[in-house]
Every structure is written in C-alpha cells, then in structure tokens.
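Engineer: Spelled out from the first residue to the last, the chains are:
There are 2 protein chains.
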Amino acid sequence: MNSKEIVQEIMQKNEVDSVFFVGCGASKADLYPAKYFLDQNAKKIRVSHYTANEFNKSTPLSVNEHAIVITASLGGATPETVTANSVAKEKGAHVISLTRTVDSALTKEADYVIYHRFGENYAAKLEKTGYALELAVEILQQTEGYNHYEKMIDGFSKIYNLSQQSAESARLEAKKFAQAYKDDSVIYVMSSGATHEVAYSTSICLMMEMQWIHSGTFHSGEFFHGPFEITDKDVPFVLLMNDGKTREIDARALTFLERFDAKTAVVDALDYGLSSVIDAEVIDYFNPMIITAVFRVYAEELAIAREHPLTKRRYMWKLSY
Amino acid sequence: MNSKEIVQEIMQKNEVDSVFFVGCGASKADLYPAKYFLDQNAKKIRVSHYTANEFNKSTPLSVNEHAIVITASLGGATPETVTANSVAKEKGAHVISLTRTVDSALTKEADYVIYHRFGENYAAKLEKTGYALELAVEILQQTEGYNHYEKMIDGFSKIYNLSQQSAESARLEAKKFAQAYKDDSVIYVMSSGATHEVAYSTSICLMMEMQWIHSGTFHSGEFFHGPFEITDKDVPFVLLMNDGKTREIDARALTFLERFDAKTAVVDALDYGLSSVIDAEVIDYFNPMIITAVFRVYAEELAIAREHPLTKRRYMWKLSY
Chain A
74 MNSKEIVQEI MQKNEVDSVF FVGCGASKAD LYPAKYFLDQ NAKKIRVSHY TANEFNKSTP
134 LSVNEHAIVI TASLGGATPE TVTANSVAKE KGAHVISLTR TVDSALTKEA DYVIYHRFGE
194 NYAAKLEKTG YALELAVEIL QQTEGYNHYE KMIDGFSKIY NLSQQSAESA RLEAKKFAQA
254 YKDDSVIYVM SSGATHEVAY STSICLMMEM QWIHSGTFHS GEFFHGPFEI TDKDVPFVLL
314 MNDGKTREID ARALTFLERF DAKTAVVDAL DYGLSSVIDA EVIDYFNPMI ITAVFRVYAE
374 ELAIAREHPL TKRRYMWKLS Y
Chain B
74 MNSKEIVQEI MQKNEVDSVF FVGCGASKAD LYPAKYFLDQ NAKKIRVSHY TANEFNKSTP
134 LSVNEHAIVI TASLGGATPE TVTANSVAKE KGAHVISLTR TVDSALTKEA DYVIYHRFGE
194 NYAAKLEKTG YALELAVEIL QQTEGYNHYE KMIDGFSKIY NLSQQSAESA RLEAKKFAQA
254 YKDDSVIYVM SSGATHEVAY STSICLMMEM QWIHSGTFHS GEFFHGPFEI TDKDVPFVLL
314 MNDGKTREID ARALTFLERF DAKTAVVDAL DYGLSSVIDA EVIDYFNPMI ITAVFRVYAE
374 ELAIAREHPL TKRRYMWKLS Y
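These protein sequences, in sequence, are chains A and B.
Take any residue in the first sequence, note its place counting from 1, add 73, and you have its number in the working numbering.
Take any residue in the second sequence, note its place counting from 1, add 73, and you have its number in the working numbering.
Possibly wrong hints are sitting among the right ones.
One copy or any two copies: either way a pair holds, since identical chains are not told apart in the list.
In the EDC-like style, the derived pairs of lysine to aspartate or glutamate whose C-alpha atoms are separated by at most 20 Å in a straight line are [stated by the list, open to error]:
#, residue 1, residue 2
1, Lys231, Asp176
2, Lys385, Asp305
3, Lys116, Asp90
4, Lys385, Glu88
5, Lys117, Glu88
6, Lys86, Glu217
7, Lys130, Asp341
8, Lys162, Glu138
9, Lys318, Asp352
10, Lys117, Glu217
11, Lys162, Glu373
12, Lys77, Glu217
13, Lys116, Glu163
14, Lys117, Asp90
15, Lys248, Glu82
16, Lys116, Glu217
Don't read these hints as lab results, they were simulated from the structure.
Hey, can you work out the whole structure from these sequences and the hints?
Structural biologist: See below:
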C-alpha cells in the first residue's frame, strides 16, 4: 500500500485527531520536515515529535485510537523505537513504521510498514524523510484538505533526482570544506525552518557520533539570543541555508558570522537550483532533502581528510548500554 | 487579571483550538514546560513552540481567532518577539505576554500582560516559567478539563519557596562544580522531560552567551543515538536529573557517563526534596523550576571562578545586528 492508501484505510476506521512522529537520533530528525509541514498547515490535527524513550516513559494522553504514530528506524532494531510501536499499539493508536530492513523488529507490531532504501545512492538516503513527508501531506489532504497538494506531489517526483545531481556536483566544494575543517576541535551547525533538524542530525550524528568532533547546534533564529556570543575569528560554523520563508533568518546569521570573521561553511539550497524545480508555495519543505544530500558528500570528504571513516564507532554496536 | 480570569475572558469570545508559545533564547526555553504540559495532557488542543523570528516569517495557518499566542521577553524589548505580537494580532489571535518590564514594547499589542519578577531572588527568576505553566493549566482545565488541576495549584503554592531554599543550600556544591569546570573549553548539558529546554538554555545562554564556553545540548534519551560517541575520560557533562517519569532516561545516561569516566556534574531534583512537596501525579512539570534555581547558583560560582561576570557581553546590547 502507498501512503495515500494507508491513510485512507486508517480514516475508514477512526477519525484522526493527533499525529506523533517518534524516532531516535538521525531517524528522529528525518521525521522533522513532516512534523514541520503539519505544524505549518494544519488547523485541527495535533502534531508532536518525540525521541522514542520519552514517548515510552511519558506517553501523552492523546495516544489513542484517534492517533497515528509514525515511527522510523533505519535498521529497524532500535530498541526504544521498537518499544514505541508496542506502546502505541497497546493504546490503540494506528502505527506506521519506516525502515529499510525487511522483517526487522520494528515491522512486527506496526499496522503498516513503508520500506525505504538508504545505501544505494544519495537520493535513496532521502526516502525516509520523503516518505514521512508524503504521509503528512496525505493525512492533511484527507482530513482538512490542503491547497497545494498537487504541488507537493509534483515536488516528490523531482526532488530525488535533483538531490542526487546536487550531491554529485558538490564534490569539489566538499573537498575544500574537508581541508579547511579537518583539524577543528569544535564545529557548530545551524539552520531554520524545515531544515532545523538536519542541522541537529549533522551535529549529533555526522560530527559527534561519526567524527568524534565536539559540536553544538541551534536554530539560526536563536543564534542572536545566546550562541552568537561565542562568535570569534576562526570559530567554525556550518550554516545550512534554506530557499524559502526562513531564508532571511539564515541570511542574518551569515551576515553576522562574516562580519566577525568566523570560519563559515555554507550549504545553500539556492545554489543547487531548488527553486527551478519546486513551486515557491511548497519549497520550504524540500530544503531538508537537497541539503541532506549535499552535506552527506561534505561529511564523506571530512572523514577522508581526517582518516576517520564515517562507520567508525567506539561504543555503538560494540557493547550493551 | 490572573491567568484563570484571562483564559475565562478569551473563552467567552472564541473557542480555542491552538496554543502557540513564542519567544527567543532563554525566554523561549522558559515556555517549554508549559508546552510540554499541554503535549502530555491535551487531547484536542493543538500546541506548538517557536523561536519568534520563525513564527514571524513562516506563520502557521492556524494562527487565527481560535488561537492563543503566549509570548515572553524578560526586558520586553526583544524585537522579534515584539513583532510576533503584531503578527499574532493581525491574524486575530489572542495574545498574552509575559515580561518583567512595565510598559515595554511587548506590552503594547498584547491583549493581556502578566508581569513577573526576576532579579529579586532565585524564586523570582522562576515566575516566567511558572506563570506560563499556570496559563497552560488554565487553558486545559477550561477547555477539556484536567484531572490533576488541584494538585498543580497546590504545587504552584509550594515550588517557589522550595526552589529558593534549594538554591540557597546549593552554594557549596556549586563552588566545587566551579572549581572543577572553570578551565574546560567545552561543556555538554542534557536533560529530559519538561526540563529538556532548561538544558538548552543552560547550554546556549549560561555557557555560550554568559561564559563564552563552547557547548552542545541534547535530550538525555538522544544521548545514545549519536552524542555518546564523544564520551571519553574527562569530557565534561552537566546532567539535569528529573524526579518523575523520565528519571530512568536521565539515569541511563548517567550510568554510561560514569562507566567511561566522563567528567559529570549532576543537579538532581530528588536531592532537593521535590517529591516531598509536589504530588507524584504532577511532579514532572515542576522539575524545570527547582533545577533552574539550583543551576543558577552553579552558574554564579562558575562566573566567579572564571572571573567572567554573567553580565559580560561582546555583542549583545553593544551593537546592532
């Protein structure tokens, strides 16, 4: 079943009040654009977004038969997220799970499973985000209706190819970034809008987990309300710039960083032609996908320059905790 | 008018669908416990939480006459938050603003203003958080009803005194913390539940803004999904431990930090007797207040040990940006 049919079937059973997005780490962050889309466009549907263990230990009262719980786990074995499916089912919620791993633990109690790819190419890594966003669009369209539904569907038909091409074209810039940042001991990452948690996963996963580089992350609108006092010549920042309603927020942060000679790397959706294929009314929601694809190349080159493979771990997968 | 009367008056005018919490930096973070309370307990009311500039540039469609927008700014002059009041009013929403500054810009377009104190003592610094939480409780009680309303009211009558006493009793531990952490170049801060954004404001405001110390922050449940790979002997962490449903999540992170000899400072609500005055059914929501009060003393001592006053800035209030 595709996302449209899944939502149709759920709607035949129950009226839907609430949508919960639940995951851990990068899989949590990958659900954020869908959450952001509903926050922006829904007038009745409730939306929230949890790290799985908090959802499990402190389950909201509204997890019931009028709720859709959308969970994600790349390998499908993340214990907290698997438990979230059980918690949600026990409360009577409708559970849709996203994973790449057929018959993984996550699929056992899910009412519906959507399989995505991941390793095949840069575009495949975006399917988790894209399929969650598709579900959000379907839920809105089939409950309250959504004025730009066709524009989103058209966007989905184009974003993967554009993102793949963008990633492939970013290698040279990525190598420059890697040479410039390979010896830094701390790197900050910021963004805004639907891309807010791409900055988050870039910081906690690509930097801290996969490179053991100290890192912090915040919304680029929050930069001026605390973090900017850390700005100094050569303090390293990565700014993920959106093309859309929140671009001005990112641009203001960039102006400040440049004014004080902070070391700044910018990955800008505008540079990769997002607006040439995505309608302006819905462009905000596609920024996270193209920026994720491009920054993956930056991370690969950083790993090469630092001789620290992205797969290297000291704790994860190696011991129980 | 008190929070009960304010909500009553709004409810007489319009049915309320959505509640928006809007602020910047620490004032944004101070609204989080109220947002968390409604996420946990509401079944119909929609809840969201924005940094003000994102609310302004990318205003959700549900900001209308069925929305209550609650804004906060300590000095009442934060430009983005003042603009948020105008944006909300233009869309027909009901605006309640929290500030300590009589007749400040924030008060001009607000429908209702709740003044809080701040500088008088440690308890006064909690009023912004507490009054926002009171508003959330009133909104829930007067729309859907709330089973533990009286327990929350009872909690509000006790939390300020307990927090003041706790802060006053924390001086010795705070001095030890300051001596141990004063030379660190990076300090991570984490927590969970209603205290999640106390960790956030501790990181971006107390550490980055007020001490120019590098810092990162994340939910303690997310620690195991990326950030924990940075753990090593002597890497500095601050863990703000909750007494309530998410305590197990914090405790799991602590166990890991101790296992690998990370440098760990713990501020634990349990140590300050939160459960002796607050009912177990509502204790989660009062953790942020007692922990904020105690950590303020830690920050004061860190500032003394580092000879870097909490009021020292290089950009904020000094230039336009």
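Engineer: Are the hints correct? Go through all of them and say.
Structural biologist: How the hints compare with the structure:
1. Lys231 to Asp176: neither (30 Å within a copy, 51 Å between copies)
2. Lys385 to Asp305: between (31 Å within a copy, 15 Å between copies)
3. Lys116 to Asp90: For Lys116 and Asp90, the Cα distance is within 20 Å both inside one copy (11 Å) and across copies (8 Å).
4. Lys385 to Glu88: So Lys385 and Glu88 fail the 20 Å test inside a copy (46 Å) and across (54 Å) alike.
5. Lys117 to Glu88: Both: 12 Å inside a chain and 12 Å across chains, each within 20 Å.
6. Lys86 to Glu217: Answer is within; shortest intra-copy Cα gap is 17 Å, inter-copy 24 Å.
7. Lys130 to Asp341: between (38 Å within a copy, 18 Å between copies)
8. Lys162 to Glu138: Classified as within; 9 Å inside a copy, 35 Å across copies.
9. Lys318 to Asp352: So Lys318 and Asp352 pass the 20 Å test inside one copy only (13 Å; across, 44 Å).
10. Lys117 to Glu217: The answer is both: 8 Å in one copy and 15 Å across copies each meet 20 Å.
11. Lys162 to Glu373: neither (39 Å within a copy, 47 Å between copies)
12. Lys77 to Glu217: within (15 Å within a copy, 32 Å between copies)
13. Lys116 to Glu163: This pair counts as between: shortest inter-copy Cα distance 17 Å, intra-copy 28 Å.
14. Lys117 to Asp90: Classified as both: same-chain Cα gap 7 Å, cross-chain 7 Å, threshold 20 Å.
15. Lys248 to Glu82: neither (48 Å within a copy, 60 Å between copies)
16. Lys116 to Glu217: both (8 Å within a copy, 18 Å between copies)
Violated hints, in rising order: 1, 4, 11, 15; the structure is consistent with all others.
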